[in-house]
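So you can see what is in the structure, the chains are spelled out below.
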Amino acid sequence: MATGGPGDARRAWPWPLAVVSVALLLSLPVLVVVGFVFVPAGEVWAHLAATVLPDYIGNSLLLMLGVAVGTLAIGVGTAWLTSMCRFPGRGLFEWSLLLPMAMPAYIIAYTYTGMLDFAGPLQTAMRDWSGWEYGDYWFPEIRSLPGAALMLSLVLYPYVYLLTRAAFLSQSLCVLDVSRTLGQGPWRTFAAVALPLARPAIVAGLSLALMETLADYGTVQYFGVPTFTTGIFRTWFGLGNPPAAAQLSAMLLAFVFVLILLERRSRHRARYYHTSQRHQPIRPIELRGAAATGATLACLAPVLFGFALPAGQLALWSWTVADSALDAEFLRLAANSLGLAAAAALLALLLALLLGYGRRLFPSPAVRLAVRTAGLGYAVPGTVIAVGVMIPFAWIDNGLDAWMRQTFGVSTGLLLSGTLVALLFAYMVRFLAVSLQTVEAGLGKIRPSMDEAGRSLGYRIHELLLRVHVPMLWGSLQTALLLVFVDVLKELPATLILRPFNFNTLAVRAYELASDERLAESAPAALTIVAAGLLPTILLSRSISRSRHVEPT
Amino acid sequence: MSSQLEVSDVSIAYGAEAVVRGVSFALEPGQIGCLLGPSGCGKTTLLRAIAGFEPVRQGRIALHGVCVSRPGLTVPPERRRVGMVFQDLALFPHLSVADNIGFGLRRASARARGQRIDDLLALIGLGRAHRQYPHELSGGMQQRVALARAMAPRPEILLLDEPFSNIDAERREQLAREVREMLRREGVTGILVTHDQLEAFAMADAIGVLGDGALHQWGSGFELYHEPVDRFVADFIGQGVLVPGRVRDRDRVATELGELAGQRPHGLPIGSLAEVLVRPDDVFCDDSSPIRAVVVDSAFRGAEFLYTLRLASGVEILCMTPSHHHHAIGAEIGIRPHANHLVAFPRRY
Chain A
14 MATGGPGDAR
24 RAWPWPLAVV
34 SVALLLSLPV
44 LVVVGFVFVP
54 AGEVWAHLAA
64 TVLPDYIGNS
74 LLLMLGVAVG
84 TLAIGVGTAW
94 LTSMCRFPGR
104 GLFEWSLLLP
114 MAMPAYIIAY
124 TYTGMLDFAG
134 PLQTAMRDWS
144 GWEYGDYWFP
154 EIRSLPGAAL
164 MLSLVLYPYV
174 YLLTRAAFLS
184 QSLCVLDVSR
194 TLGQGPWRTF
204 AAVALPLARP
214 AIVAGLSLAL
224 METLADYGTV
234 QYFGVPTFTT
244 GIFRTWFGLG
254 NPPAAAQLSA
264 MLLAFVFVLI
274 LLERRSRHRA
284 RYYHTSQRHQ
294 PIRPIELRGA
304 AATGATLACL
314 APVLFGFALP
324 AGQLALWSWT
334 VADSALDAEF
344 LRLAANSLGL
354 AAAAALLALL
364 LALLLGYGRR
374 LFPSPAVRLA
384 VRTAGLGYAV
394 PGTVIAVGVM
404 IPFAWIDNGL
414 DAWMRQTFGV
424 STGLLLSGTL
434 VALLFAYMVR
444 FLAVSLQTVE
454 AGLGKIRPSM
464 DEAGRSLGYR
474 IHELLLRVHV
484 PMLWGSLQTA
494 LLLVFVDVLK
504 ELPATLILRP
514 FNFNTLAVRA
524 YELASDERLA
534 ESAPAALTIV
544 AAGLLPTILL
554 SRSISRSRHV
564 EPT
Chain B
5 MSSQLEVSDV
15 SIAYGAEAVV
25 RGVSFALEPG
35 QIGCLLGPSG
45 CGKTTLLRAI
55 AGFEPVRQGR
65 IALHGVCVSR
75 PGLTVPPERR
85 RVGMVFQDLA
95 LFPHLSVADN
105 IGFGLRRASA
115 RARGQRIDDL
125 LALIGLGRAH
135 RQYPHELSGG
145 MQQRVALARA
155 MAPRPEILLL
165 DEPFSNIDAE
175 RREQLAREVR
185 EMLRREGVTG
195 ILVTHDQLEA
205 FAMADAIGVL
215 GDGALHQWGS
225 GFELYHEPVD
235 RFVADFIGQG
245 VLVPGRVRDR
255 DRVATELGEL
265 AGQRPHGLPI
275 GSLAEVLVRP
285 DDVFCDDSSP
295 IRAVVVDSAF
305 RGAEFLYTLR
315 LASGVEILCM
325 TPSHHHHAIG
335 AEIGIRPHAN
345 HLVAFPRRY
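Each protein sequence line maps, in turn, to chains A and B.
Residue 344 in this note's numbering sits at position 331 of the first sequence, and the numbers go up by one each step.
Residue 65 in this note's numbering sits at position 61 of the second sequence, and the numbers go up by one each step.
Hint data in this document are derived by calculation from the structure and do not stem from the laboratory.
Only a predicted model underlies this, so the values are computations on that prediction, with no experimental measurement involved.
Every residue gets a Cβ at the ideal spot worked out from N, C-alpha and C, and that includes glycine.
Don't take each hint at face value.
Here are some of the chain A residues that sit facing chain B, going by a computed Cβ distance under 10 angstroms [stated by the list, open to error]:
id, residue
1, Arg140
2, Gly144
3, Arg460
4, Ser462
5, Met463
6, Tyr472
7, Pro484
8, Met485
Quick list of simulated restraints, FRET-style, between CB atoms [unchecked claim]:
id, chain 1, residue 1, chain 2, residue 2, range
9, A, Leu433, B, Ser142, 50 to 56 angstroms
10, A, Leu344, B, Ala112, 53 to 59 angstroms
11, B, Arg111, A, Pro484, 16 to 22 angstroms
12, B, Cys71, A, Arg460, 26 to 32 angstroms
Using the sequences provided together with the hints, build the complete structure.
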């Protein structure tokens with residue numbers, strides 16, 4: 014049955030055309046990168062394959078393994094405790110376990126490096142207390158592959174926590190009760206029923222965390238762990254070989270692709286795992302004594318180490334350098350960052366509306382495919398996008414410049430690459446998915462029958478947009494703006510590569526200062542990013558506590 | 005005086021596929037009609053064409069004598085003054101109950117608008133729900149709010165698209181009766197689309213049975229049940245079995261159950277082979293009757309039993325009797341047919 018878009022508009026073609034064009038444009042970087050698989054890169058590639066490539070692959074795999082173990086242990090454990098048990102502080106942990114999401118991995122890496130350094134507070138205290146000198150004792154090196162896995166786990170476990178917790182909560186008491194009536198104890202029920210039922214959600218959360226791990230550049234670069242992302246940088250800037258960098262990117266994309274498939278499949282399956290129609294909230298297990306204390310500590314640790322400690326350290330550092338650091342330069346950086354993030358958020362919202370309404374009004378297979386494609390960018394690492402943007406933009410710039418010089422004797426210079434256009438374009442490729450998802454979720458709530466109800470009550474289409482769509486979408490639009498804003502603010506590798514000469518942002522500055530071992534001075538910029546990152550986290554935790562109060566009956 | 009709604013020879017198609025074919029019927033002011041049929045029969049499409057959401061390929065639709073749909077012309081829904089209650093209700097979640105009901109009253113003065121909202125809330129028995137939001141109401145209450153919202157602008161016609169499908173089966177018939185009462189009091193002309201015949205019987209003055217896009221019969225529930233014009237209607241409405249027989253004269257057919265007679269001629273050639281519709285309530289238990297049958301199955305329904313009986317020839321019929329007639333499965337009992345209406349069709353081979 015045709016669910017009517019606004020009747021006569023159905024035959025309009027500019028809109029679907031715009032949707033398809035946007036999707037094509039945004040998939041350009043990935044297409045370019047994949048296209049380079051077929052270009053022979055010659056000796057450099059042979060050299061890479063013989064020397065560093067095995068390292069890149071091995072380290073990336075080891076890192077993923079470490080992050081998988083870490084995020085699963087923390088994420089599933091805390092999700093189970095907060096949703097199925099009752100112990101002191103549970104209400105607090107339910108939302109505060111999300112706080113580490115506000116902490117970009119590269120920032121937590123700098124902070125821990127400073128804290129655990131030879132000259133840092135921990136080792137200094139140890140020496141003061143024991144009287145040891147340098148070399149007298151062994152101390153774990155945080156700047157290592159296990160260290161990187163730990164840092165990433167500490168800030169990425171909330172993905173697993175969020176989805177797993179939602180899965181546990183959506184499990185009807187009935188299925189769990191059935192297990193109990195069949196003679197299984199509460200622990201056995203957890204292992205045999207609750208956990209397998211939540212498995213698709215756990216896998217979906219894990220694949221998101223692993224995508225972020227593959228995309229990470231700041232942490233591994235700072236810790237000196239050679240992975241794909243650092244390798245791409247090195248091949249491009251160190252060896253000056255864009256084709257080889259593109260081929261490394263394509264290889265990284267292959268890894269990402271596997272994760273996308275994994276996530277899609279799990280999400281798809283998760284939908285069928287709501288077995289019972291009648292939903293009764295779960296009756297939590299009451300924990301007492303040592304068990305209760307253990308549960309509290311287990312939930313406290315991730316919040317403490319993933320957020321409170323590093324944020325406190327950043328605040329402390331910021332305090333010590335406040336006089337010198339908060340100068341006009343800092344304000345300019347902040348203005349750059351905020352302006353860029355705001356522009357990107359607004360642009361992403363407009364494109365998301367174009368695509369979202371496109372799919373709603375003209376649901377042809379081409380439009381649907383286009384919208385789906387445009388939504389895949391979130392999985393593509395920033396480094397890969399940067400490579401995929403640089404190559405075609407430089408090519409266009411050079412071609413245009415040569416043609417203009419030949420024909421008119423004027424040099425156009427660089428119009429696209431090395432300008433904000435390139436940067437904004439890269440942000441769209443990576444973050445459009447975020448606002449698209451939010452806008453589509455909002456649009457999904459406005460069922461076609463609501464449009465029809467409005468029309469049968471005497472409203473024309475544009476009046477309906479104003480009276481029904483705008484108020485119903487308002488929350489989603491704000492959320493979409495906020496999410497992209499914060500993501501852009503935190504983004505490091507693409508900004509680092511694509512920013513115009515002499516144009517700095519907070520994230521880039523924090524990275525540069527930290528790379529120069531000026532950790533304290535990098536703190537104000539880092540702290541600003543973390544503070545901004547708190548906003549969407551608060552939003553998420555608020556929606557969580559709201560969903561807890563309005564239980565479906 | 006023209007009818008409130010007149011549908012003349014309307015066909016609707018999606019692409020090359022005709023979904024509704026040559027349907028005609030009319031509703032008088034204050035009358036409640038129903039489009040009844042199995043899913044996929046085109047009833048919702050026809051309703052959406054009356055609302056103005058679908059163009060017609062052939063024929064015309066007129067509201068109060070004014071043509072609103074014909075090939076090449078589809079007056080948009082917002083200019084038709086139709087009210088519609090949707091299957092999913094489609095209440096606006098961001099508006100309170102009062103604002104939902106008042107949504108279609110924007111041209112009225114604030115005073116008149118407030119008065120109308122109050123009146124309608126009283127009519128649907130939710131006098132104090134002004135400030136509540138749709139998600140705070142039960143399914144039945146949301147149902148009434150959707151109804152009040154559609155009735156608020158006093159539409160020419162009220163269209164109800166499977167409005168009770170989200171209501172528990174036990175409450176459905178009762179709610180249908182209540183809604184009928186509300187429509188009566190408002191004097192609204194309405195059309196209901198449903199696949200549930202009890203719902204249709206409970207609400208409608210006239211029912212159209214649609215099958216495969218065509219209107220098979222237009223009449224009251226009583227007529228559809230007792231005088232179906234074809235096999236499709238006979239099969240879709242109520243229960244019953246076709247028993248073979250031979251036409252005796254212009255109003256009698258001889259069958260294994262004896263000679264069955266009706267009040268009107270069946271129009272089949274005398275001496276031809278026919279099939280007669282036997283409803284469960286046309287067959288009575290009578291131990292003195294010479295017509296014998298074996299109980300094959302029985303279903304206890306509280307006030308009555310529904311027996312499946314096998315006749316000597318192997319033909320199985322249904323028999324509904326008051327529940328104090330209790331027979332065991334396998335028992336042989338006597339039965340007597342009694343029908344005021346003879347429904348006979350030519351035999352199929």
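*So does A:Leu344 sit 53 to 59 angstroms from B:Ala112, Cβ to Cβ?*
The hinted range 53 to 59 angstroms holds for A:Leu344 and B:Ala112, with Cβ atoms some 55 angstroms apart.
*With a cut-off of 10 angstroms on the beta carbons, see whether A:Met485 makes it to chain B.*
holds (5 angstroms)
*Hey, does the A:Arg140 contact hint survive, CB to chain B under 10 angstroms?*
violated (62 angstroms)
_Would the hint on A:Gly144 be counted as holding, given a Cβ-Cβ threshold of 10 angstroms to chain B?_
violated (67 angstroms)
*asked:* Assuming the hint says 16 to 22 angstroms, is it satisfied by the Cβ distance from B:Arg111 to A:Pro484 or not?
replied: holds (20 angstroms)
*At a threshold of 10 angstroms, is the proposed contact between A:Met463 and chain B supported by beta-carbon distances?*
With Cβ-Cβ at 5 angstroms, under 10 angstroms, it holds.
*asked:* Tell me if the interface restraint on A:Arg460 is satisfied: Cβ within less than 10 angstroms of some Cβ in chain B.
replied: holds (6 angstroms)
_Given A:Pro484 as an interface hint, is its Cβ closer than 10 angstroms to any Cβ of chain B?_
A:Pro484 check passes; min Cβ-Cβ to chain B is 5 angstroms, inside 10 angstroms.
*Whether the CB-CB distance between B:Cys71 and A:Arg460 falls inside 26 to 32 angstroms*: holds (31 angstroms)
*In this structure, is the beta-carbon distance linking A:Leu433 and B:Ser142 contained in 50 to 56 angstroms?*
holds (54 angstroms)
_Status of the hint placing A:Ser462 at chain B (closest C-beta pair under 10 angstroms)_ = holds (4 angstroms)
*Taking the least C-beta to C-beta distance, is A:Tyr472 closer than 10 angstroms to chain B?*
OK, holds: A:Tyr472 within 10 angstroms of chain B, min 6 angstroms.
Checked against the numbered hints listed earlier, the structure breaks hints 1 and 2; every other hint is satisfied.
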